[in-house]
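Trainee: Following the hints, position chain B against chain A.
Protein chains: 2
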Amino acid sequence: MSDQPKADVARRNFLLTAGIALAATGTTVSAQLSVQPPVPPSGPKKKLGMVLFDGFELLDVFGPLEMFGMLKDRVEIVMIADKAGPVRSGAGPQTIADHGFADAPKLDIVMIPGGLGTRREVNNADFLAAVRTLAQDTPQVATICTGSGLLAKTGLIDGVKATSNKMAWAWATAQGAKVAWIPHARWVEDGKYISSSGISAGTDMALGLIAKLYGKEMARWVANRTEYRWQEDASDDPFAKLNGLPG
Amino acid sequence: MSDQPKADVARRNFLLTAGIALAATGTTVSAQLSVQPPVPPSGPKKKLGMVLFDGFELLDVFGPLEMFGMLKDRVEIVMIADKAGPVRSGAGPQTIADHGFADAPKLDIVMIPGGLGTRREVNNADFLAAVRTLAQDTPQVATICTGSGLLAKTGLIDGVKATSNKMAWAWATAQGAKVAWIPHARWVEDGKYISSSGISAGTDMALGLIAKLYGKEMARWVANRTEYRWQEDASDDPFAKLNGLPG
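So the protein lines, in turn, are chains A and B.
The numbering used here numbers the first residue of the first sequence as 1 and each following residue consecutively.
The numbering used here numbers the first residue of the second sequence as 1 and each following residue consecutively.
Quick caveat, the hints were computed from the structure, so don't treat them as lab data.
Hints may be right or wrong, so weigh each one.
The list makes no distinction among identical chains, and a pair is therefore deemed to hold if it is satisfied within one copy or across any two copies.
Claimed, not checked - Subject to a maximum C-alpha distance of 30 Å in a straight line, what follows is the list of computed DSS-like cross-link-like pairs (lysine-lysine):
no., residue 1, residue 2
1, Lys-45, Lys-241
2, Lys-216, Lys-241
3, Lys-106, Lys-216
4, Lys-241, Lys-72
5, Lys-161, Lys-241
6, Lys-72, Lys-83
7, Lys-212, Lys-241
8, Lys-47, Lys-241
9, Lys-241, Lys-83
10, Lys-178, Lys-212
Chain A on its own, in the form it takes in the complex (with noise of 0.2 Å):
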């Protein structure tokens, strides 16, 4: 996928061929900007399903689908929720799940965001059985924002380091006593798990996350398509402190 016509790629073509330079200021813009990822695609797409519930909250769904939404070519983004069709975020607009669990197809990412409906769906059963099952079957987990609260209450991540939304981080650790919950830090990768602070960091994380799975070269090239400042380092979190939560 590419929002940019051909006028475009051609005047930028012509200056990569002309070997210019094209720098910028800024600690993580610093990747010269090409047409094409850095990294061709190889392999069968991967399947990244988002898990939706009422009361999601947007950015934590959409900041990390922007971000993979630029590998078109190796990536599948399929939406999942309890049944198929219309959720509602807490912001208001709805979004539509393709899947239900019972029919979900075997993915290679699943996600799990935030937002006030976690509140609800830490007392659903049937859900948290669901994202359970979607969990342990997926090789790769990640968390945005208190959707580390949901995904502690199933259990499968006692004893593994994970963070969360520092403004609710109250309610979120005290979903999973047991988890090796660190306050400090924008994003945090364990094994299969990876997990996000508030929000917006799951933008950074999901960055993170493609520079796991292709490389921080391509991470910058997606940051840079998208005019995103990425904020590389995972141990960098200026919202704990604002909390008063151990810096």
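Mentor: Chain B only, in chain A's frame:
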């Protein structure tokens, strides 16, 4: 709306009552985090309409709506397209339009996103006429990314300062030769029009618009709640140079 439970509220209220300064590092994380917005609601809710079309860019739409969605006590979000019903993004996920253009409510703010679908819609006379009417009738008009190309094609912003996606600059600016295009800008405001650079820039612009409507402390409060490092300087744009545009 608040993604936080009572225990967190109580804890932070205690900290604030105790007068502990929760200053964070980083230039845009400066306000102390408060449970309540720094400005109380007054007057009727504003109605924010987001225009959708097949092939819209996910973050163009949901970055700004995440930020305005934090102001649920003063902003109502509605989604508007050619007709009510599902609309597919460029990356795949579908969102539901609440209204068609013909039955759209009177708006206070209208937003026009970009995405590859703009390449089709600039040749869709009915769509352009509907967008033109909506923008004419609305006191605050915002475009994200190549959405400014769509608005330019309606002729409404001839002589108006605007910016657009830096990778798709040649295409976007060709949609309106009389627009006062600004190549180096994160976002640009001119009268009732505000326009952002590519994709992620829409989120910074949305906070700029919140600052205009409700004050800068409100915008910082929203940024902190969403754990977002707001780029407050609208003129700070490394992506212009990265794409070979004048800096």
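Trainee: Hint by hint, work out which the structure violates, then give me just those numbers in ascending order.
Mentor: When the structure is compared with the hints, numbers 1, 8 and 9 turn out to be violated.
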